[in-house]
Amino acid sequence: MMKRVYAKEEVCAGCRLCEVWCVVAHSQSKNIIKAFNEEFPRPLPRVKVEEFGPFSFALQCRHCQDPPCIEACMTGAMHREGLEGPVLHDADRCVGCWMCIMVCPYGAIARDETIKKIASKCDLCYGEEEPACVAHCPNEALVYEDRGE
Amino acid sequence: MRYVIIGNSAAAIGGVEGIRRHDRDGEIILMAKEPYATYSRPLISYFLAGKVTTRQMAYRPSSFYKDWKVTPLLGKEVVTIDTEKKLAVLDDGEEVAYDRLLIATGGVPFVPSIEGREAKGVSTFTTWDDAKRLRRMAKGLKEVVILGGGLIGVKAMEGLQSHGVKITIVELMDRILGLVLDATAAGILERKLKDGGVRLVKGTTIRKIVSGEGDKVTEVVLENGEELRADHVIIAIGVRPNLSLVADTPIKVNRGILVDETMRTSVADVFAAGDVAEAMDLLSGEKRVIPILPTAYRQGKTAGEAMAGRDTSYLGGIVMNSVEVGGIPAISAGIMNPPSEEGFEVKRYLDRKKGIYRKMVIKDNRLVGFILIGAIDRAGVYTGLIREKIDVSPFKNRLLDLDFGYIDFPKDLRTYKLSTVYM
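Protein chains in written order, with the working numbering: chain R, 1 to 149; chain X, 1001 to 1423.
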């Protein structure tokens, strides 16, 4: 059982502030202006808004119970923190083989080739009380809760 | 309870992690022929290329065996199993008793009986030691011939390329990566290969390996009559299940060790997983050896859970591979080359200039296979559609699009997928 981010597409405005604040949360400065104006390469957002016409919602790693990405990871970079923690990724051990991308049923892992080839995914802002995407969603279209899963 | 695991790669490690999910106290003894703590086998080409260090070869942290309470017996080969007395017999005569046994001995490279194959400078490429030897001698190598343009051959090539070695790949099929790509996809990657200075000779094989002074390789002669200078030959035709261990046991084998959906073999308390096992293929519903890492791990974990007495089952594997050639990423899964046009619907998108190719294979409104070259992002969404046998008819026309995603799913399917946790 763990807290996860759930999207409510009925109230998602498609503003993409979740993507913006995800970038900030994973930047050096943690400052929105500096992150976007001064940091190069800029971190990739680990949450992605999918949009078509009036419909939109944000999608990020679901931190699966039995994560296919961990099973498929050939280096051991992808791992679960503790027994019920988030699925995290060790950049140092990742070689960018994209096996995780091949198996993630949510398509929630991206290629990050800004510095060296590594996988990029949501870490639930590990260590923070609430993920940045949830904290900054202006319409509460993202919630962070334990639904007993 | 004493669990004994033979092997130390993905399936064996999956076995340990599967057992420990449900049994924190049972004794686990893990034995393997190779003397190393568990390492990532697919990384050997990266090691050969000098892209990863010895430390980065580790498949699990150095504290793994201690953390998971496993007694490793490394550098010891199990030569046979006595299934009646429930013993594994080691090469030094030692006998290790088991309550439950997991055979995860993987595959061994297949070496056809080519004349001259015993010459010095002929090797295979499946272990860390193979990579270490090649890396040591790479400086002195000028021309290497790789027999086989499949995954192992291509990986060996990538590993050697950075050493400035002149490479020729000899492939019997009409294309490289024949089992995981189609002609169009292979064509895109072959062009990159050639740009990188690699020579490709297709539709033929090695007839003879010629050696000179000191029994050292000097040349290979191909079936088409061509002669190629070579100071090293890598045989990379493929691997077959490593069955030597079970040869004189009642454990039933076909191509691999036959297992049921709980990874049990035909003999009580003996399980098998990974490249040595012949388990269910999700798409055909028949048993088949699928020698890929994700499958090995999943089978190992399933076996481990079953060994620990849990009710579990393996739903079947899908052939899938991710490979990069000359900087072009390629991912494919399932049935990429349907046996006939009949009954299959094939959709293709090709942009030669950008090096992008996407192919979807559909049968009875279910996605059964795909190939993605160049644009591979979110490939797993397709793998998921295959695995879960989802009706793709509502969004069939969007499948090839670069921005295809959950937004294209019917709302109830999307809501269900996003509100539940993937098991």
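If you're looking for bench data, these hints aren't it; they were derived computationally from the structure.
Be aware that a few hints might be false.
What the hints assert, rightly or not - Label-pair restraints from in silico Cβ distances: (1) Ala135/R x Glu1342/X: 53 to 59 angstroms; (2) Gly1093/X x Ile115/R: 48 to 54 angstroms; (3) Glu1286/X x Glu145/R: 21 to 27 angstroms; (4) Gly1093/X x Glu145/R: 57 to 63 angstroms.
Quantities reported herein were computed from a predicted structural model and do not represent experimental measurements.
By construction, the Cβ of each residue, glycine as well, lies at the ideal position given by its N, Cα and C atoms.
Task: Hint numbers not upheld by this structure, sorted from lowest to highest - done: 3
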